[in-house]
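J.: The chain contents come next:
2 protein chains.
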Amino acid sequence: MYNFIFHNPTKLIFGKDTIKELSKEIPKEKHTLLLYGKGSIKTNGVYEQIKNALAGYKITEFPGISPNPKYELLMEAVKLIKQEKIDFLLAVGGGSVLDGTKFIAAAVNYRGNDPWEIVAHQAPISEALPIGTVLTLPATGSEMNCGAVISKASTPDKLGFGHPLLYPKFSILDPTTTFSLPHEQTANGITDAFIHVTEQYLTYPCNTPLQDRMAEGILLTLLESAPKVFANPHDYAIRANLMLASTLALNDWLSAGTAGDWTTHSLGHELTAKFGLDHAKTLAIILPNLLEYKRQQKHAKLLQYAQRVWQINVGSDDAKITQAITKTREFFESLGIKTRLSQYGIDKTAIPEIVKQLERHACAKLGENGDITLEDSANILLMSL
Amino acid sequence: MYNFIFHNPTKLIFGKDTIKELSKEIPKEKHTLLLYGKGSIKTNGVYEQIKNALAGYKITEFPGISPNPKYELLMEAVKLIKQEKIDFLLAVGGGSVLDGTKFIAAAVNYRGNDPWEIVAHQAPISEALPIGTVLTLPATGSEMNCGAVISKASTPDKLGFGHPLLYPKFSILDPTTTFSLPHEQTANGITDAFIHVTEQYLTYPCNTPLQDRMAEGILLTLLESAPKVFANPHDYAIRANLMLASTLALNDWLSAGTAGDWTTHSLGHELTAKFGLDHAKTLAIILPNLLEYKRQQKHAKLLQYAQRVWQINVGSDDAKITQAITKTREFFESLGIKTRLSQYGIDKTAIPEIVKQLERHACAKLGENGDITLEDSANILLMSL
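Taken in sequence, the protein lines are chains L and F. Note that the working numbering gives residue 210 to position 210 of the first sequence, counting from 1, and the numbers run on in steps of one. Note that the working numbering gives residue 129 to position 129 of the second sequence, counting from 1, and the numbers run on in steps of one.
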């Protein structure tokens with residue numbers, strides 16, 4: 001186990017009818033900016049519950065934060081906050097709204113020239129506006145971590161950053177708010193959470209049986225819950241487990257003392273930046289091929305994954321690993337997610353451009369061993385066609 | 001899954017050579033009280049590392065906190081803190097020192113008549129001195145929770161209390177500090193952690209597959225690590241996993257959304273208060289008999305425990321459960337822990353007194369269903385002879 005520091009101060013408020021707790025968490029004297037997406041919270045009752053919970057509060061709204069939140073739009077919120085002297089941010093939605101809000105929180109009092117530097121060059125921040133969240137789409141884990149991924153339309157860039165000041169003060173997770181999610185968003189969320197786990201688990205043995213079993217527990221719960229949630233989208237217990245699984249997949253415990261890969265995310269981000277593919281779909285395209293490409297180096301953990309997650313106990317070790325990779329791909333496909341670039345109309349002519357983007361984004365050495373070169377990334381993309 | 005609030009702000013600093021981080025965590029201007037036990041930290045190098053890390057700090061010492069820390073002694077520390085205007089508490093040792101320090105932190109500015117009320121009647125506290133810890137004996141989980149157990153010699157009482165203000169600000173866990181632990185303390189620590197998990201896991205199904213698998217992961221890690229640590233007490237990886245397992249066993253995740261039993265602890269505390277038995281040993285005496293006594297109500301979880309933790313997959317469900325309970329007892333015995341009251345010289349004449357103590361401590365309705373009466377407790381004690 002490597003040395004680590006774990007310090008996650010987010011207060012998680014989990015369960016039915018918990019949105020009403022908002023008034024206990026946001027000080028009455030705050031001027032709150034309510035940030036959300038394209039308005040689904042107005043049809044599923046969440047908006048109304050928030051307004052009721054915060055009756056009498058001074059609230060300004062900033063709707064319209066779309067998937068892969070854009071720097072250009074987020075800077076409009078920064079301007080509004082300065083104008084209106086807003087001092088609390090309430091993000092309502094999924095990872096895109098939450099991540100966008102984290103950027104805004106860091107950008108408002110950024111002392112440098114252009115807040116994009118926070119994303120592009122991990123420029124230091126020394127303060128951030130306080131954030132609270134109401135999660136309505138379990139997927140990214142942003143509700144209980146200090147990271148965010150932001151895009152810039154003009155370049156195109158999609159990059160991650162993080163800072164301890166950006167842990168939400170609180171996050172409210174009411175599983176009933178996810179009952180009405182479309183099949184595609186539920187499927188994307190399950191895939192995203194699944195691959196957050198594999199990025200932290202399918203590396204090399206680090207003598208971390210606790211973290212490994214936590215990872216396997218999340219993967220097994222996702223596998224068991226997925227068919228059930230599509231059969232019974234209004235089943236509270238299933239939705240609750242999926243919601244908590246997404247949070248646990250990326251709340252710093254799985255990375256504590258372990259190695260991380262994150263190649264799948266790096267390649268996936270470029271595919272989204274360039275072609276606008278859903279984040280989860282890019283991950284489902286890359287992961288099986290990355291695992292195949294690096295199966296020698298990842299042998300021990302892939303075998304453990306085959307045995308403990310997929311219960312594959314017959315055949316040679318290599319056969320078990322092959323079967324586990326195949327089953328991983330089939331799982332994503334069972335959710336309705338296509339796992340080949342060609343199925344999204346992308347052919348091999350795109351690969352040089354993607355590789356150029358990776359180079360521009362300092363991704364020439366990826367993987368848990370830092371040995372996945374640009375050439376390797378090109379090979380993985382070729383396998384992904 | 002039940003509704004829950006999870007909010008654990010403790011900063012965990014884990015790994016080799018981490019005691020030197022102390023100076024980053026305690027503000028230089030603080031007057032720190034260094035609390036510890038009977039002085040083993042002076043022979044294992046921990047004391048010296050702390051003094052080096054805090055060179056130039058104003059430090060007062062309060063040694064001599066013994067197992068089952070006593071109210072009477074702790075009040076001497078409270079007096080010293082007031083006299084010397086101490087404003088930071090650094091607890092160094094195992095759960096007894098940490099728990100004692102939590103009581104002190106709450107007692108210093110207690111506004112009522114007698115701080116014992118905090119323990120005996122959960123009297124409210126509104127402030128507490130900040131606490132940091134250096135853990136040297138993994139067992140109780142006190143390093144990452146807000147609870148504590150305090151004893152009063154005169155009565156005798158041994159009671160638990162807790163308050164969110166009592167989460168340590170930071171806890172430093174360097175597994176190398178545990179290399180020199182005597183066999184008995186390592187065995188007690190493993191047993192304590194194991195039974196913290198079972199108290200939160202062996203109840204009834206709550207539709208919480210993630211928490212269940214986290215619990216099973218901790219139990220499996222303890223089972224696997226125990227024989228290894230006695231064969232290789234200086235093996236870093238094994239000590240690290242045992243240390244982290246103890247923390248995870250009681251840092252609020254296993255109780256999030258689940259039912260809790262805690263009967264074993266309630267009965268065990270009375271045995272310690274009355275006869276001075278080690279905490280872990282009292283738990284090992286009670287648990288197997290509680291499980292047997294409540295096997296009908298705990299059937300579903302006991303079966304899951306038999307299958308997933310003990311890998312018992314043949315025989316009837318009842319036979320599997322019987323075997324799992326037997327194996328649980330045998331595990332404690334394999335650590336060198338006697339699991340019968342009679343082996344400690346306690347016979348059935350003690351039972352009425354223990355039951356009277358339980359009644360005095362408002363323990364007439366124990367268990368996850370609140371249906372373990374004083375008569376049931378007497379029966380469990382009788383089975384434990």
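One or more hints might be untrue.
[Unchecked claim] In the PhoX-like style, the derived pairs of lysine-lysine whose C-alpha atoms are separated by at most 20 angstroms in a straight line are:
{"id": "1", "chain 1": "L", "residue 1": "11", "chain 2": "F", "residue 2": "16"}
{"id": "2", "chain 1": "L", "residue 1": "16", "chain 2": "L", "residue 2": "58"}
{"id": "3", "chain 1": "L", "residue 1": "169", "chain 2": "F", "residue 2": "70"}
{"id": "4", "chain 1": "F", "residue 1": "70", "chain 2": "F", "residue 2": "169"}
{"id": "5", "chain 1": "F", "residue 1": "16", "chain 2": "F", "residue 2": "38"}
{"id": "6", "chain 1": "L", "residue 1": "38", "chain 2": "L", "residue 2": "85"}
{"id": "7", "chain 1": "F", "residue 1": "42", "chain 2": "L", "residue 2": "169"}
{"id": "8", "chain 1": "L", "residue 1": "79", "chain 2": "L", "residue 2": "30"}
{"id": "9", "chain 1": "L", "residue 1": "28", "chain 2": "L", "residue 2": "152"}
{"id": "10", "chain 1": "F", "residue 1": "11", "chain 2": "F", "residue 2": "152"}
{"id": "11", "chain 1": "F", "residue 1": "82", "chain 2": "F", "residue 2": "38"}
{"id": "12", "chain 1": "L", "residue 1": "11", "chain 2": "F", "residue 2": "38"}
[Unchecked claim] Some chain L residues judged to face chain F by a derived CB distance under 8 angstroms, without partners named:
{"id": "13", "residue": "3"}
{"id": "14", "residue": "4"}
{"id": "15", "residue": "20"}
{"id": "16", "residue": "179"}
{"id": "17", "residue": "180"}
{"id": "18", "residue": "182"}
{"id": "19", "residue": "183"}
{"id": "20", "residue": "209"}
{"id": "21", "residue": "223"}
{"id": "22", "residue": "240"}
{"id": "23", "residue": "303"}
{"id": "24", "residue": "355"}
[Claimed, not checked] Chain F is nowhere near these chain L residues, computed Cβ spacing over 10 angstroms in every case:
{"id": "25", "residue": "11"}
{"id": "26", "residue": "56"}
{"id": "27", "residue": "108"}
{"id": "28", "residue": "213"}
{"id": "29", "residue": "224"}
{"id": "30", "residue": "257"}
{"id": "31", "residue": "374"}
Hints are computed from structural coordinates only; laboratory data are not their basis. Where is the CB? At the ideal position from N, CA and C, for every residue including glycine.
J.: Which numbered hints does this structure break?
T.: When the structure is compared with the hints, numbers 1, 2, 3, 4, 5, 6, 7, 9, 10, 11, 12, 15, 16, 17, 18, 19, 21, 23, 24, 25, 28, 29 and 30 turn out to be violated.
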